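> Build the complex from these two chains, which are given one at a time in their own frames, with help from the hints.
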Amino acid sequence: MILENFKHTQGKSCRTVAIRDTLERCGLTVREEFVFGLAGGLSFAYVDPGGIFSENKFFKALAPNLMQFEHFAQNAGVDYRIVSEADNDFSKLESMLRLEDNPVICEVCPEVYADYLGSKASLWKDFKLDLHVASHVTEIIGIDQENVYICENYSSEVYSIPREVFARARDIGSDSYLDPHHRIHHIVLPADMSRADVEGMIYRAVRGNLKEYLDGGNERLGMKAFTRFMERFPELPDSCGKTICRVSLEITGSLIKFVSPGMFRKMYGKFLMECVPYIGREKELSEISSLLSGADYLWNKFAARIMKKDLSVEERMNGEATIDLLDKIRSKEEQAVDGLREVFAA
Amino acid sequence: MNKNTQMRAIAMALPDNGETDEIAAMCSELTFDLCQTSHSRFSVKAFTENRLDIIREYYQLEIQSVVQKFGSKKLRRLKQKMAAGSSVFVRKYDKDASDKCSFTYERVSSLKNIAGLGLWKLSDGRWHTGRSLEKRASAAFDNTRDWAVYEDINFYPESIHSRAESCRKVYIRKLVSGLRCFISSRLAGHLNGSVKVSIDESFTEQRREVFENILGLGSDWRELYKKKYMSGSEFIRSLKKEQKMLEALLAETE
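Heads up: the protein sequence lines correspond to chains A and B, in order. Mapping of the first sequence onto our numbering: residues 49 to 394, in sequence order. Mapping of the second sequence onto our numbering: residues 2 to 255, in sequence order.
No lab work stands behind these hints: they were computed from the structure. Incorrect hints may appear among the rest.
If we take Cβ atoms under 7 Å as the criterion, some of the chain A residues that face chain B in the derived model are [stated by the list, open to error]: (1) Q122; (2) E133; (3) R252; (4) G256.
From a predicted model like this one, the values you see are computed outputs, not experimental measurements. Beta carbons are placed, not taken as given, at the ideal position from N, Cα and C, and that holds for glycine.
So here's chain B without its partners, still in its complex pose (with noise of 0.2 Å):
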């Protein structure tokens, strides 16, 4: 799903400088996880669960996030956080959604407790039963097994922060940071010249998504990642390249 989509709810709650819809999508990036499919293959796939970092950073802001069925812990949780003011957000599932992106943010705008029936009313106007949100979610977790599907968030708004340099700075300076940490990491070592390295199409989407969508770069990228089956050590100079080309870019960026 598109995170200007995803995040929008998000979005609204942050202030109005005119960078909202920019700051959503810069919830993409480009994490990733290896993992290892037999004694010499890898395999590298999307992580898609880092979406709000950037947010995080660029506003200095205490983000919390707990994953928690919607039962009726959930809710006093909550309850008590909006009352002290905080701004809560809890992921809405598209009916028989399986993947685990497939899902909206939403604002919690009220809540009820009624003869143990848990309601919840969501920035889409509606109310929704704890279990009917729950419901929509199971299919997600079903296919995954990642409790990150009954995910709650909540912010204080009176703690945010705008920061000096710009949000696109701020964006490149993580992506680049991420990959030097990926590229010098112990995991990466086992990347070398006689293992192969499967990429997932996940993967690609991401990039596409990064450097075209978000950061304008035309699609030269792709060169790197023309083959499905690459060696580690291929796999790792395309992620060198991918930093240079960041590490020149941040440079540019005011």
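Pulled out of the complex, with its shape left as it was, chain A reads as follows (with noise of 0.2 Å):
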């Protein structure tokens, strides 16, 4: 069976695309920008190099969006579950699909079916990452004999995947070599999602937003871990070697240009405005979002800069220009969460 009349739209990031299609499924149309303000986005999460405790050798830095799910249940007052069995058949696939009529949410390892998306497989093969890319989601929207039918959010268009191949990707069997394990992430939406209580949600989504960015305990994620980045990141050439610091740049430049482009500052902004019908303080909004739209801009210019191979290693980390652009890049940040906590004060 395959969704009659499913509307996909391309978008950033794959969790609120997939959030956005199944509120327009249920007859709430919204921006992704909006699920992203709603999904707690605004984070930043920065990872040291080398020492024994470390998550590995490389540093990297990105933004993340793993409890993108949770947060905009929580935010949105809708049940959310998460479904780790296992199954060969497809059955729980096709049974959800069935009865719910909206889109499976499950994650994938992608490039195991890169080959299988066109002209969008270089995506895929563009990445410079040390490990697979295990988090990202997919919308299943159909499942036939032959095929699975898929949509991404970096293309408007529907896939078609031999089901042994999607199998591989979801590996999902009870002999699964994945580790950790993939899952469906399932959101029960009432079928007639409406904008009621929507300034509730706006308030509840950038309070706890704020309170995790700014005080979470996790010091490699939030403030903390941006402020780590921002001394540390010119020091690390003398400290870990240029050969680790030229992978890791790699792998930063990777993340902030495909994972999280811009930091996705640009979104927050957007959904910032989003939220002026609703709350007002279109003066202060503004100003915030433009700050926002700034620091994307200058994220992306900072990755373009960092993967520069004609540049040299301590050119690329604590070149004037490097040091420039993240003094810029800490200046227009440092104002918009002002800006954000004088706004959304409890």
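And the structure:
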């Protein structure tokens, strides 16, 4: 079966596009940016290189989005579950599609079916990461005897993937080689989603997001990680060595360019502007939004610079232009966060 | 298994505000799975995997949950989490447990990797090998084919923020919104007068726990599910009555 009248729009982040498409099917048309904000989209992660307890030997920076389903469900007051059952024969997926008439949101390893993505295949091949992309989600909108039909956030097309290839990308059997294991994210939405209580959702989302960003206990996330990254980055060539830095620059550049473009700052800024009809404060929100757009542009410029192979590692990491970019990013982000604190103070 | 027992180690890691036992118990919810067994027959079974939602919501806490076998990758990942200040919990299944719920969360207090042998010191005060923990879960996995048996949980205690509202109020509101979501979902649209719904024992047991033990509402709710088989529309009517009852309770709660 294939979902009838399914409307899919290309977007920036796999999770927020999946939620947006599902909301649209339940009667609530919103922009991806709006979902992104309700899902606590303001984030930053930085992993230090080396050290015995470090994540791995390379450094990485990105805007992570792993908890977006949880945050969205909590802020929007909808039911959210994780399905982790082994499913060798697609029966669980088929029954979810048939009964709910909504796309089924699955974690996958997209590199496995890259060859079936036509012109978009290069996207997964351009990545310079040290690990498989294991946290990507796709929307399953149909299954028949031969194929699984999916929608991906980076394209408006529907792709057909042979069942056995898709099974490998999900690897959901009882003898999985994947570590950690892939799951289904199941959001139960009322079929008549309305705009009632949107104001409450916005305040809950931004306040919760700010609290986590500013006061979260995880040193590798939020403001703590941002400050650490800004301070450590120019010094890393001295402490880590050139080879580690060269590879890390490729990884971080790819993460900023492909996984979290512009650290999603422009997207968060657009969310704030979408909030204006509900909560007012147009002048303040528009100022914050323009600061975030500026930061987004600078993050992309930073990613392009650190991936420039014709520059030396030192130039890329602590050259004058890099330091200038980092200073400007820091200033814009700090002003934006201060502005958010003022507007959304409890 | 009783939620208080199952969740004890996690409850002990939460701020001591006299409510931790209550919060552990409130990890029981009213969620259920609807399965189509034939063209016009459905069955409902309790869905027990959302246990930590109330903790997430009440403490506004980011809790990460990963399903991964007890190998060296899991050990290394969790060791890093602990070094960064995170509290880490894993499921320890009862010996020979075949049921997915027969486990307690145990806090991981120390981890060692000696010559490829992963050693896990848990809140029961004992060292366990990764293999023995995996073996305890394997019968439950074979039975249910659910990777959740290999779940680990971690959160940063510093990120805990208490809410101004009572936990009871947050809990009841969550129950109401869960019912509201289901009742008006496309899924519920299949449940009309011409289909039959069979009520699994786990479904009524879950309701007994929530309505009687946690909310102290007496046994009136039992009238709603007297029959083992109901028509689809009768079933939806019962859920709507539950929703009304809980909305009234929410209005009364401070």
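> If a hint holds in the structure, say so; if it does not, say that too.
Now for the hints, and whether the structure bears them out:
no., hint, in the structure
1, Q122, "6 Å, holds"
2, E133, "5 Å, holds"
3, R252, "10 Å, violated"
4, G256, "6 Å, holds"
In the structure shown, a violation is registered for the earlier hint numbered 3 alone.
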